[in-house]
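Participant: Chain by chain, the residues run as shown.
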Amino acid sequence: MTLLQLEGVTGYYGHLQALQELNLSVNRGEILAVLGANGAGKSTLLSLISGELHPREGRVFYQDKDITQLAPHLRVREGIALVPEGRHLFGTLSVEDNLRSGASTRRRGTWSLDAVYELFPFVAARRKHRAAVLSGGEQQAVAIGRALMSNPSLLLLDEVSLGLAPVIIRDLYAALGRITAEGTTLLVVEQNITEALSVANYAICLLEGRVVLEGKPESLSQREISQAYFGHDLGPSSKAAS
Amino acid sequence: MIWVNAVIQGLLLGGLYAIFACGLSLMFGVMRLVNLAHGDMGVLAAYFSIILIEHLGGNPLWTFAAVIPVAALVGYFLQRLLFDRALDGGELSPLLVTFGLSIIIENLLQQTFGANDQSLNIGALSYQSWKVTTDVYVGRLNVIIFVIAVIVIIGLQLFLSKTRTGLALRATADNRRAASLSGINPKRTRSIATAIALATVAIGGLFLAMRTSFAPTSGSSDLLFAFEAVIIGGLGSLWGTLIGGFALGVAQTIGSQINPADGILIGDLVFLAVLAFRPQGLLSLRSVIAR
Amino acid sequence: MSELTRTPLDETATVTRGTRGSRVGLGTGIAVAVILAFAPAVTGEATTNDLTQFFILLIMAVGWNLVAGYGGMISIGQQAFIGFGSYAVLDLSLHGVLAWYAIPIAIALSGLVSIPVSFLAFRLRGGYFAIGTWVIAQVFQLVIGQQSNLGGGAGASLNDLNNLSPITRDNITYWFALALSVLALSVTGLLLRSRIGMALVAVRDDEHSAAATGVNVVRTKRLIFILSAAICGGAGTLLIISNLEVQPNSSFSIQYSAFMIFMVLVGGIGSFEGPIIGAVIFFILEQSLDNYGVWYLVILGAFAIIVTLWLPRGIWGTLDPQHRRSVVPLRHQLHVDTE
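Protein chains in written order, with our numbering: chain L, 195 to 436; chain C, 6 to 296; chain S, 19 to 357.
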């Protein structure tokens with residue numbers, strides 16, 4: 195069953211066309227991985243879904259409602275939450291206040307302060323600290339926790355693994371499994387292909403604003419992906435490509 | 006002993022400046038908007054009180070109950086109808102719009118009430134005083150203003166730290182983008198900030214009108230004092246604003262003690278000295294209303 | 019395999035300044051200035067004095083447009099330099115310098131005094147910069163108001179020029195006003211055509227990118243601030259020789275800021291022509307609304323709000339959004355022949 199649907203969406207990042215007539219649907223309960231290099235249009239896609247950008251053409255449907263023009267905070271109320279790239283925590287606020295601010299829509303659901311602390315025990319230990327003094331991994335966990343506090347139906351994750359140590363990335367991805375178990379649908383934007391494909395049910399690859407490859411992770415070959423990722427072969431057989 | 010007296014009187018005066026300053030600081034924190042008509046709105050509140058007394062009589066103290074909610078309401082809609090639009094126009098627009106508003110308010114007041122000084126007569130309270138020592142007397146009204154100023158600041162601080170709306174204000178001040186991505190309604194938050202700012206400046210305006218005389222153009226100097234208190238105390242903390250208010254008040258009364266005409270100038274010079282040597286302000290707590 | 023189309027480098031590209039219209043504009047400007055120079059011989063004394071007042075307004079507008087429109091610094095304290103210019107002429111004349119000679123010295127002093135001011139004011143940004151400059155103007159007013167040799171709070175008269183007949187005095191004042199207007203406009207125009215001007219536009223449009231491309235942002239802004247102070251000081255020198263008296267409250271009045279902001283906003287902020295158009299409109303309004311007392315200021319404030327919100331580029335910017343019709347050749351245009 196479709197939770198989110200983009201129909202012929204064209205989005206601009208400043209003056210640059212970042213997405214061209216994109217069609218995309220996200221099914222309830224799945225984990226969709228969106229892959230692509232820098233500038234492929236991944237962040238623009240997330241901004242269009244979170245409501246920070248409005249498409250120049252096309253429409254966005256969520257639970258069969260047209261939300262194309264809906265403001266970001268109203269989308270959170272409808273159950274779409276974004277964990278932005280670079281985390282964007284409230285650095286001057288305590289960890290607990292950061293989490294609480296995520297609950298400002300008062301949506302009901304399974305997520306609460308206690309549930310988030312249970313998911314990320316290391317965050318619970320720092321609940322009184324200012325968010326700015328936390329390590330990168332802790333901050334990322336708080337950012338995910340803050341989004342969960344709004345009890346989203348659709349959680350958007352932008353570059354969760356960026357700049358983090360492998361051991362922390364593993365912990366965070368382990369938590370994603372538990373989040374979907376609570377019924378939340380995930381859309382994961384990543385440059386870290388391996389990690390994203392390990393959790394995803396379905397993956398799409400963006401190149402210059404278009405979907406160039408899609409399918410179930412197990413059906414996609416390494417070669418197909420790198421071709422889609424870079425727009426050309428990078429395998430040992432095509433060293434000379436440029 | 007005259008210096009002790011000057012310091013005490015300065016602290017009492019500083020409380021009033023802090024009331025004026027906290028709203029300025031709140032609005033700047035939440036939406037980076039500097040309301041150049043901030044002082045004029047305090048003066049407007051005082052004239053509103055005068056009208057109420059003229060028509061309904063009684064001691065001006067009761068008019069707080071009418072003026073504060075009206076001011077908050079005006080603030081809410083001013084934000085919705087004018088300031089939000091100005092904020093969409095870039096960095097310069099809010100300054101130009103609020104400066105235009107300041108000119109309008111000052112001249113409309115002058116047109117309506119004349120340029121003469123006015124004051125709110127609160128009867129005996131205006132001259133009664135308590136004796137501290139043989140040389141030091143404190144005016145009862147001044148002490149009341151001081152106490153209420155401190156209560157207002159503490160109350161605002163508690164509101165910001167303990168309530169959902171306060172959290173929304175702090176979150177918005179810290180990171181606007183993240184706030185709206187967390188489901189916080191930016192328009193509502195901004196309107197609440199302006200409503201609070203106008204409510205507090207109305208309190209300040211009424212107290213100032215009880216304490217001294219005022220005129221249609223008094224708003225400009227009130228704005229400058231409020232601004233100096235904010236900068237002296239250090240951006241980003243209500244406690245800093247309170248300390249800044251005290252520092253400015255003491256500087257002015259000590260200045261006046263040296264030479265009656267020098268009070269404001271000494272206050273200005275303290276402000277410039279802080280700007281030159283301690284631009285982060287006296288109390289640079291990184292907290293509360295961010296950055 | 020790049021799909022990007024690249025422009026070949028061997029194409030002929032030429033950079034030009036201005037258009038035919040702008041050359042015509044420049045010529046017209048010079049002609050107007052020359053004609054205006056002979057105005058006192060033709061018009062009556064009252065007209066001469068009115069034109070003097072117009073030039074003073076124009077100079078103020080040019081000064082404020084420079085600091086706010088090009089420097090991106092909303093100052094509401096330029097009256098510090100207007101008042102300083104007036105009082106500098108008074109002080110110099112009290113020390114035996116004839117008022118006419120005092121004018122250039124006072125202008126230079128206004129620029130000089132703005133240097134320490136800039137170091138204080140530049141610690142503040144945006145809205146706080148605006149109020150900070152206002153406080154500094156108040157300090158100027160309070161300090162000068164306490165100098166008893168300058169008349170203290172009551173002010174003083176400039177007696178230097180009393181031996182001249184009123185007509186002679188007014189005519190000389192007029193020529194000074196005209197000359198300073200032309201000077202202010204030319205200096206602004208030349209500055210904007212220079213490398214500094216291009217740096218300035220870069221700083222205004224995007225401070226961070228400008229800094230990244232090697233523009234010294236603070237130094238550029240300071241230069242603008244000093245120049246604007248000198249121009250405002252120039253307006254102050256004209257005020258005292260046309261009014262023959264000064265008084266701290268009026269010489270440092272915040273109303274000057276209101277006037278400057280109004281003129282520049284209405285004309286078109288950040289354009290060369292904007293302040294000229296704004297000054298003309300303001301002057302006409304001032305003359306026609308003279309009888310309405312404070313209502314005229316209320317209308318001014320309302321106009322400022324309306325223009326800011328609904329006509330943010332002012333009259334000139336709305337007429338000429340791409341600066342194609344610029345009367346004065348300030349812009350560099352790139353023409354690429356693609357044959």
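Derived from the structure by calculation, the hints contain no laboratory data. The beta-carbon is built from N, C-alpha and C at its ideal position, and this holds for glycine as well. A couple of the hints might just be wrong.
Unchecked claim - Lysine-lysine pairs mimicking DSSO-like chemistry, simulated, CA-CA at most 30 Å apart:
#1 K259/L / K167/C
#2 K259/L / K410/L
#3 K322/L / K136/C
#4 K322/L / K167/C
#5 K192/C / K167/C
As the list claims (entries may be wrong) - Among chain C residues calculated to face chain L with C-beta under 10 Å, some are:
#6 A70
#7 P74
#8 A178
#9 R193
Participant: Can you list which hints this structure breaks, lowest number first?
Facilitator: As far as the earlier hints go, 1, 3, 6, 7 are violated by this structure, in ascending order.
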